[in-house]
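Peer 1: Sequence:
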Amino acid sequence: MSAPDTNTKTQKNEHRWPLMAIWGALVVVALLLVWWLVYATNGEAPEPGQAAAPAAEAQEGAATPAD
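Be aware that the sequence shown starts at 1, since it is given in the UniProt record's numbering, and climbs by one per residue.
For the record, the hints were derived by calculation from the structure and aren't laboratory data. Each residue gets a CB set at the ideal place from its N, CA and C atoms; glycine is no exception. Please note that a few of the clues may not be correct.
[Said to hold, decoys possible] Label-pair restraints from in silico Cβ distances:
1. Ala30 to Thr8: 47 to 57 Å
2. Gln11 to Trp36: 30 to 40 Å
3. Ala40 to Ala3: 46 to 56 Å
4. Pro54 to Trp23: 48 to 58 Å
5. Asn7 to Leu31: 33 to 43 Å
6. Val38 to Pro4: 49 to 59 Å
7. Pro18 to Pro48: 27 to 37 Å
8. Ser2 to Tyr39: 46 to 56 Å
Using the sequences and the accompanying hints, generate a full structural model.
Peer 2: Now the structure itself:
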């Protein structure tokens with residue numbers, strides 16, 4: 001069943017703002033995705049061999065307190 005009145009000019013005007021809102025939301029999501037990817041890969045991870053020693057190795061030579 002087809003629509004009785006298909007006036008594409010009025011439909012274009014009526015749908016302009018909802019379509020712009022959808023495109024705006026897609027742009028915001030794309031910007032958030034780019035920000036998240038940059039944040040997740042910003043290089044704060046230590047270089048191999050530069051990582052801090054585990055706590056067990058760091059306290060190996062330290063004296064243990066007596067109870």
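Peer 1: For the hint 30 to 40 Å, verify it against the beta carbon of Gln11 and that of Trp36.
Peer 2: Holds: the Cβ-Cβ distance is about 37 Å, inside 30 to 40 Å.
Peer 1: Cβ-Cβ distance between Ser2 and Tyr39: within 46 to 56 Å?
Peer 2: Holds, since Ser2 and Tyr39 (Cβ atoms, about 50 Å apart) stay within the stated range.
Peer 1: Using the Cβ atoms, figure out if Pro54 sits within 48 to 58 Å of Trp23.
Peer 2: For Trp23 against Pro54, whose Cβ atoms are near 50 Å apart, the range 48 to 58 Å holds.
Peer 1: Does the beta carbon distance between Pro18 and Pro48 stay inside 27 to 37 Å, or does it fall outside?
Peer 2: violated (52 Å)
Peer 1: CB of Ala30 to CB of Thr8, is that within 47 to 57 Å?
Peer 2: For Ala30 and Thr8 the Cβ distance comes to about 29 Å; the hint is violated.
Peer 1: With 49 to 59 Å as the target window, see if Val38 and Pro4 comply at their CB atoms.
Peer 2: 52 Å Cβ-Cβ, so the 49 to 59 Å window holds.
Peer 1: Can the suggested window of 33 to 43 Å be confirmed for the beta-carbon pair Asn7 and Leu31?
Peer 2: holds (36 Å)
Peer 1: Check the following: the C-beta atoms of Ala40 and Ala3 are separated by a distance inside 46 to 56 Å.
Peer 2: Roughly 47 Å apart at Cβ, these two residues keep to the hinted range, so it holds.
Hint violations for this structure: numbers 1, 7, all remaining hints satisfied.
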